[in-house]
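Here the protein sequences come in this chain order: A and B. Taken in order, the first sequence gives residues 348 to 837; the numbers are from the working numbering. Taken in order, the second sequence gives residues 7 to 215; the numbers are from the working numbering.
To be clear, the hints were calculated from the coordinates, so they are not data collected in a lab. Treat each hint with caution, since some may be false.
[Stated by the list, open to error] Beta-carbon label-pair distances, calculated as ranges:
no. : chain 1 : residue 1 : chain 2 : residue 2 : range
1   : B       : N170      : A       : P787      : 33 to 39 Å
2   : A       : W461      : B       : N145      : 25 to 31 Å
3   : A       : G380      : B       : E207      : 56 to 62 Å
4   : A       : F391      : B       : H83       : 28 to 34 Å
5   : B       : R11       : A       : A500      : 26 to 32 Å
6   : B       : E130      : A       : F472      : 23 to 29 Å
7   : B       : N145      : A       : G821      : 53 to 59 Å
8   : A       : P540      : B       : V30       : 57 to 63 Å
9   : A       : L691      : B       : V30       : 25 to 31 Å
Every residue gets a Cβ at the ideal spot worked out from N, C-alpha and C, and that includes glycine.
Here are the chains, one letter per residue:
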Amino acid sequence: MNPALTSTESKAQVTHRDIDQVDRALIDASARGPVLTCFTTATFWLLVASLFGFISSLKLHAPEFLGDISWLTYGRTWPAYMNALVYGWATLSGFGTAIWLLARLCRVSLRKPWTLNFGILFWNFGVLLGIGAVLSGNNEGYEFLEFPGAVAAVLFVAYLLIGAWGYSIFRNRRPEPAYISTWYIVAGLLWFPWAFGAAYLMLNVFEVQGVMQAVTGSWYAQSLLGLWLTSVGLAAVYYLIPKVLGKPIYSYNLAAIGFWTFALFYNLTAMVRYNGGPIPVWLVTLSIVANILMLIPIATVTVNYLFTMRGYYNMVYYSPTIRFTFFGAIAYTVAGVLGAVISLRSVDSVTHFTHVIAGQTHLVIYAFFTMVMFGAIYYIVPRLVGCEWFSASLVRLHFWATAYGIGMTVVLLLIGGSVQGATMNDPNIAFTDVIESMLPYLRGRTIAWVFLTVGHLVFAFHFLLMLLRLGQPGGTPTLFAVEGEEEGGH
Amino acid sequence: MNNGRFLFLGIFGTFALGWLCMAVIPQTQMGTLQPQVNEEAGEVYPVNVAGLAAQGRQVYAANGCNYCHSQQIRSRHTSADIDRGWGARRTVARDYIYETPAFIGTMRNGPDLANIGQRQKSREWHYQHLYDPRSLVPNSIMPPFRFLFEKRKIVGERSADALNLTGENAVEEGYEVVPGSDAKALVGYLLSLDRSHGLKEAAVTEAAK
């Protein structure tokens, strides 16, 4: 209450605003348990992913490293890395962000969310079993569907428990227009179990024939990264940027067009993974067309975040949330344009079977999604624990380590992959020489992994301090610099 | 647009379209292919491998060989696969009808293996290569699979499939290194990989003969 206000009109306004604030505080308090559980376990899986990612990267140019341990052969650490990153870190941080955003946007408090908490823990249990299975040599043999059927069932049930909460929040929303972020989250929560369930049924129950397994698997992989992770990532971008800047998004109509074109086209983009392969040509052509049409939703998102940020670009100096989220948003644009370019047959004949594909995947999972999740966590967690981040320097170190790390990773994979593809297409160059030409890039990537790991450790430490309520007193967010002063050094 | 029902309908509709195009239609088009039978010559291709080779496919999956090796030959106008001698023709859907999982692959940190059983027929070479890739392919980045082998004391005669190890891999007098059951299955599987048989939809190219 502001005692300085005396007129009745102002009093009424203050009361209204106070009710809003109380409302938000109640929603935050009700979501604290599940959302913090998501973020804490996600951070744990991020560290696991860092470990396996680093080992995998190192082994690719130093194959004798840990060479005698069957659990740690490259063909096991690599899927352990990808699964810990996607199902552990990305999906769990996505759950936390999605639940919090939904509760805030629909203005719904979570009442006794014990099935939600159970779902989150059950999901963690599934990921743990799945990664154990992959490391011990029980790999189903399909990319992103490595986990055995029983583990998939655990994950599916866990997802339904979590998704049901998302649905019930949406059903109980205040009768207000649903914001674009809500659309993306609701869509993501529905798309993922459909894709996951359908893919597992087709592979394990109906046991589709040979090439159809590859078609099903890549359709699923694209749905996982595109329709689930990207949906949550874009929901966070559409929420965080306007929210921190305190102004509406540039164009709501554009956002709506972007959503529906995204829904229509992304689902058709997967088959470029088998460009030139043993699948019907029309499938590949359809996917190439879809990849190019994806430039429409990408343009709408890009125009929206750029124009919303117009006049406020200096906020990347002050606000950790804006800095991470804006980085991620730019990476989304770059990943989409790159996806359209490498889908073309002429480009694909060079980039197919190379590290370029891994580079593009990392752009989506890491440079876009992961950076946006960092931004979201920096925004959300202070509202849950009641204190602000302890140190702006730690956030800064986290940002630069991960930004340099992922930037280096992507650039090295794209250049190295192009070299790999070009030399592989020349039959006069021995395959051993193709690999030889890759080595400098692969070594560089291991150095990039050191940056990333440092960033993750700093982030995990800082997050732990927040869990222990060791931070700045609540009220004003921890910024890189006092607003109005440009930050030096960067 | 504030209508939740409209939102749900759109979300379902767009996804159903993708599922139809990416899974259902391809399934009706190529989900039930049959092997090619040449009655005159009495040939059937492909044949379903069983026993050791089928077990070896699981070892291949367990150790993630597919993350670095594709089993897919692309045509001459998209790639140099055939010119590299990795196969005599492009691979087509019919090649994979008996394979679960089908390791078509999307990445090549190592060479394609679609026809490795035909390109490298020596069982001894494969054992040696799995045990220590760099002893046969200098600068290879393939990890060693020594954990698929066992070192044991020679009792009586030296085993027929014991590895001839030299240099730093040599074992002390009275001992031998033999492939374990997984190594035997894996090599059995690798030797079974041969997609050089001509198909009516993918003839063997002249230049590669």
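Results for each hint:
no., hint, in the structure
1, B/N170 <-> A/P787: 33 to 39 Å, "holds (35 Å)"
2, A/W461 <-> B/N145: 25 to 31 Å, "violated (57 Å)"
3, A/G380 <-> B/E207: 56 to 62 Å, "holds (58 Å)"
4, A/F391 <-> B/H83: 28 to 34 Å, "violated (49 Å)"
5, B/R11 <-> A/A500: 26 to 32 Å, "holds (31 Å)"
6, B/E130 <-> A/F472: 23 to 29 Å, "violated (45 Å)"
7, B/N145 <-> A/G821: 53 to 59 Å, "holds (58 Å)"
8, A/P540 <-> B/V30: 57 to 63 Å, "violated (18 Å)"
9, A/L691 <-> B/V30: 25 to 31 Å, "holds (27 Å)"
Hint compliance for this structure: hints 2, 4, 6 and 8 are broken, all remaining hints hold.
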